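Undergrad: For the record, the sequence lines run as chains A and B.
Residue numbers for the first sequence, in our numbering: 1337 to 1502.
Residue numbers for the second sequence, in our numbering: 28 to 159.
Some hints here could point you the wrong way.
[What the hints assert, rightly or not] Only some residues are given here: those of chain A computed to face chain B with a beta carbon under 10 Å:
#1 Asp1397
#2 Tyr1399
#3 Gly1400
#4 Ala1421
#5 Pro1434
#6 Val1447
#7 Gly1448
#8 Thr1460
#9 Gly1462
#10 Leu1464
#11 Phe1472
Simulated from the structure, these hints should not be mistaken for lab results.
Everything numeric in this text was worked out from a predicted model, so none of it was measured.
Think of the CB as a built atom: it goes at the ideal place given N, C-alpha and C, for glycine as much as any other residue.
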Amino acid sequence: MIAQVPSATMTAATFEFEDLGRSQTFVQQEQFSATVLVGTQWEIEPVKAVLRLERYAPNWDGYGSPPPNLAAANLAIAFLAQIAALGFEDLPRPNVGPIAGGGIALEWGAVGRELNISLFNEGTTGYLQAESGEPFVEGPIAPWMTGHLRSLFSWLLGAEGQGQAR
Amino acid sequence: MPAGHRTDDLTVADDEIVWRGITADQIGLDPVTGRVIPRERAFRTQEVSVNVAAQTTVAAMMAKFAGWTMFALTARQVRDSGCIIVRDPLPEDPSHAVILRGDKPGERLTGAQAGQLRRAGRWVGEPPAPNP
Chain A
1337 MIAQVPSATM TAATFEFEDL GRSQTFVQQE QFSATVLVGT QWEIEPVKAV
1387 LRLERYAPNW DGYGSPPPNL AAANLAIAFL AQIAALGFED LPRPNVGPIA
1437 GGGIALEWGA VGRELNISLF NEGTTGYLQA ESGEPFVEGP IAPWMTGHLR
1487 SLFSWLLGAE GQGQAR
Chain B
28 MPAGHRTDDL TVADDEIVWR GITADQIGLD PVTGRVIPRE RAFRTQEVSV
78 NVAAQTTVAA MMAKFAGWTM FALTARQVRD SGCIIVRDPL PEDPSHAVIL
128 RGDKPGERLT GAQAGQLRRA GRWVGEPPAP NP
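Just chain A, same shape as in the assembly:
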């Protein structure tokens, strides 16, 4: 069962993880009542990485960048849930990090290929495909665009002979 992911409360400094089984896994924030539900093991580490971004202070990059906000965090977690639901075998976990100017980046790399999904603090999103010798391809993306997401990850995993959805 894949659970719908509710909003994350971006206020906990620490959290504990408890695995309650394969179908539902809870990431519980120690000091607050809110929880983030994830439906797959794959989502756990990236969601934890999103929540850790709350610790970033203003000017974290030395150029006055704000930390990621709740809107970006919610979008990131929603994307992770949808990507996990695509059912790709051996899907690597993304590198999760803050964006200069405000936002969260989800970044995947394969041999000769790169796929980035950016969630900006103002609520906008975008993806970028990069491949050796090819022009960049970018555009808007949303968690509900499952067909487009499937196409993007099929392309990414196709670089290593993967890309087979369950």
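Let chain A serve as the given structure and place chain B on it in line with the hints.
TA: Chain B alone, transformed into the frame defined by chain A:
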């Protein structure tokens, strides 16, 4: 002057070098080229602050923010990516400049522009370790 009214500052010659400070979590391994380079997210902002290398030193930059590794670009590389350079001296930082989108100054750089910048430049000194 609002960013939208800014134009490319041609007093910054094509061979002029500018530095961007990159933090550890903005450093990655480029799967396309295999090099250690800044991640795209280090440049995906509306005004990319840089410093004109000839007007400052690495030591002065590190004194501003100890977590930086300096990444160097030429003005030509910036312009080739579809961006412009505008000098933006500050009272406490006369070497300050900004990289803006050439077509829409003041709007966030595109992924393609950020991608081109991160792959075009070079580290000042030895490349740092990537953050996987």
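Undergrad: Determine for every hint whether it applies to the structure shown.
TA: Here's how the hints hold up against the structure:
A least Cβ separation of about 5 Å between aspartate 1397/A and chain B falls short of the 10 Å threshold, and the interface hint therefore holds. For the restraint placing tyrosine 1399/A at the interface with chain B, the shortest Cβ-Cβ distance is roughly 5 Å, inside the 10 Å limit, so the hint holds. A least Cβ separation of about 8 Å between glycine 1400/A and chain B falls short of the 10 Å threshold, and the interface hint therefore holds. Interface restraint check: alanine 1421/A against chain B, minimum CB-CB distance 24 Å, threshold 10 Å, status violated.
At its closest, the beta carbon of proline 1434/A sits 7 Å from a beta carbon of chain B; the interface hint therefore holds under the 10 Å criterion. The interface hint given for valine 1447/A is met, as the beta carbon of that residue sits about 7 Å from the closest beta carbon of chain B, less than 10 Å. The restraint placing glycine 1448/A at the interface with chain B holds, with a minimum CB-CB distance near 6 Å, inside the 10 Å limit. Satisfaction of the interface hint for threonine 1460/A is found here, the shortest Cβ-Cβ separation to chain B being roughly 9 Å, below the 10 Å cut-off.
The restraint placing glycine 1462/A at the interface with chain B holds, with a minimum CB-CB distance near 6 Å, inside the 10 Å limit. Because the beta carbon of leucine 1464/A sits about 3 Å from the nearest beta carbon in chain B, less than 10 Å, this interface hint is met. Annotation: interface hint on phenylalanine 1472/A holds; nearest CB of chain B at approximately 4 Å, less than 10 Å.
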